[in-house]
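**Q** Given only the sequences and the hints, what does the whole structure look like? Please build it.
The chain contents come next:
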Amino acid sequence: MYMIENGNTAAALGVKLCRAGVIAAYPITPQTPLTEKLSEYVELGDMKAEYIPVESEHSALAVCIAASSAGARVFTATSANGLLYMHEQIQWASGARLPIVMCVVNRAVGAPWNVWNDQQDSISQRDTGWIQIYCCDHQQIIDTVIKAYWLAEKISIPIMVCYDGYILSHTYMPFDLPDQEKVDAFLPPFQPDYALNPDEPANLNTVTLPDVRIDTKGQLAHGYMEIRYLLQEELRTTLQIAADAEKRFAEIFGRGGNPYIEPYRCDDADYVAVGLGSITYQLRVCVDTLRKEGIKVGVMGVRYYRPFPDAVIAGALKGKKGIIVFEKALSYGYEGALASDLKSALYEHLAGTGSLPAVQNLIAGIGGREIHTDDLTQNLRAATQGRISREPAWIGLKI
Amino acid sequence: MQAKTNILNLPTQEFVHPGTRACTGCGLSIAYRVGLKALGKDTILVVPPSCLTVLQGLFPVASTKLPCLNVTFASTAAAATGILATLKTKGNDHTTVAGWAGDGGTSDIGLQALSGAAERGDNFIYFCYDNEGYMNTGVQRSGTTPIGAVTANTPFKGKLQQKKDVPAIMAAHKLSYVAACSAAYPLDLYDKIKSCLHLPGTKYFHIHIPCPPGWGYDPRYGIKIGRLAVETGYYDLYEIVNGEFRLTAASEKLIEKRKLTPVREYFRAQSRFRILTDEQINEIQRQIDMKWDGYYKKGE
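In order, the protein sequence lines correspond to chains A and B.
All the letters of the first sequence, read from the start, carry residue numbers 12 to 410 under our numbering.
All the letters of the second sequence, read from the start, carry residue numbers 213 to 512 under our numbering.
Because the hints were derived from the structure by calculation, they are not lab data.
Don't take every hint at face value.
Residues from chain A shown here face chain B by an in silico Cβ test under 7 Å; the list is partial [to be verified]:
1) G32
2) P212
3) L220
4) V223
5) T384
Just so it is clear, CB atoms sit at the ideal spot from N, CA and C, and this is done for glycine as well.
**A** Structural data, given as structure tokens:
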């Protein structure tokens, strides 16, 4: 069924279709309409779930961690400082290997206070062992939530579904609402290997030593390092399982594609713009304009940021003259984190082949600064004519 | 109230294996052992980093026979909420959820989550085992360290501030049940747990826990010191049932006796109070006498 709704509602509908059993959330703009919507579904009885109005984001994820450990499918959502306040719990959730799905409605972080969109919040959580998937429109939001539960539960790793605050969360777009029967066919009920249970007592997340240790049955149990190694290993193999999720989803719902990247007019392009989220759709307009001028450009949205699909990205960008990375976040003191990761992938896969493209980094829309399509076009055109600057270049800066 | 439990009819089933990693003479190992007997087999525990984390042992071995979720420092109560929520979705209304946190994990870093859960009325039992400092990290002051106690980060002057009254804070949440207990009176703890299991919402237990390394005394004197705290009227055993306050066990008996052991004896039994002067002790004695005058009047 096609409907026209905002991005937060698309996310809420996705969570409802997935039959999440426990939802915990603390209000923060621009996430609030999403969790308000879920409280509405629960109070009206449209959704059979426990909705816990917690007193902080730290507790929101604490509730999800515990509820998931007890065997429930859980959901939370947040933005900006709420996400930063969760940081300890974010690390805990991945270390404990819990399949939590969380929507991050991207917003700038303080100080100074700013409620508008950029992606500094989720990018700051890059190294936490969570999967991060970025969405570009409402269809991707609802579909990604559904795929995320399947994937998270398959591999016991939590997932952030990230989408731009206001630009996606508060705008109305048409999208197809999947049928409940199809979602049920795609996503079986959550059945963890172990859930807290007095009949089968276990002590979870106890102090674990630097070295391996024999258990009471004489078996060698993992040390902390083995447990962490497995998280890294299984995150890397997630890239393959993500393709399975995409294939399964396409079979049932009739849509899908490349789960890792979303290229537009890249095949014959000399220059490719790269980014995360809604800016990559805006860049399609710039690409169309520049193509009319005879400049061979394309744009590639990166959907999976962690685990980083390095081989896929390097394969898609092989032989290009230049890559221009547009980012709404910075690793302060250096450059955009995506630009660094991308360079690392290109170096790893293309160094010495003679087909290593030059990479430029442009910063845009920090703290919700309006991103004018004309400015993007102008900067993209300039970047195809030579290096704009060694340091990341800020678009629309008035200083 | 039901018949009081004694050492002869206390259940023999144990939920804590012998040979835990607790320090010799640890008051917590007594309160925990007896507390779990009262909670029974159908219980899920939540534990933040604390002495109890150490007591429970190192992966892959555990000293507790009940399922237990170890959580981050600040999140004991919120995690209890999460487990309860899952049990509700499964239609399970019989399993007890119990949080066991230290005084730092309760009165300082965990207070927000505890207050949140209590305000929501989530149906679980919260135990604060109060050894009056961050003992697991090497004896630093906490919100419940008493005035005058020397700790690793109040090394010369002792703590200059009063002990935070956490049971009073929790009582202000209008809980169905709040209790103050002591490891030196484990049967009082047992009976109180049993008596509140059926009550709705959040139940709060504060347990005074003598700590040999943190308080500075020979491990064999733990019970004696715990009792001295009560007999001097310095720490009171009580319960607040639906807002109704009453002293219990040894504290209740002090009402009839009308005679408190001088608090000096409690202080002088522990090296942590070595810097307290006679004037300071006299002032604390005056405050205790005032508090007890109130109890006596109420009892008449």
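**Q** Look at each hint and say if it fits the structure.
**A** Quick rundown of the hints versus the structure:
no.	hint	verdict
1	G32	holds (4 Å)
2	P212	holds (4 Å)
3	L220	holds (6 Å)
4	V223	violated (10 Å)
5	T384	violated (44 Å)
Hints 4, 5, counting from the list given before, are not met by this structure.
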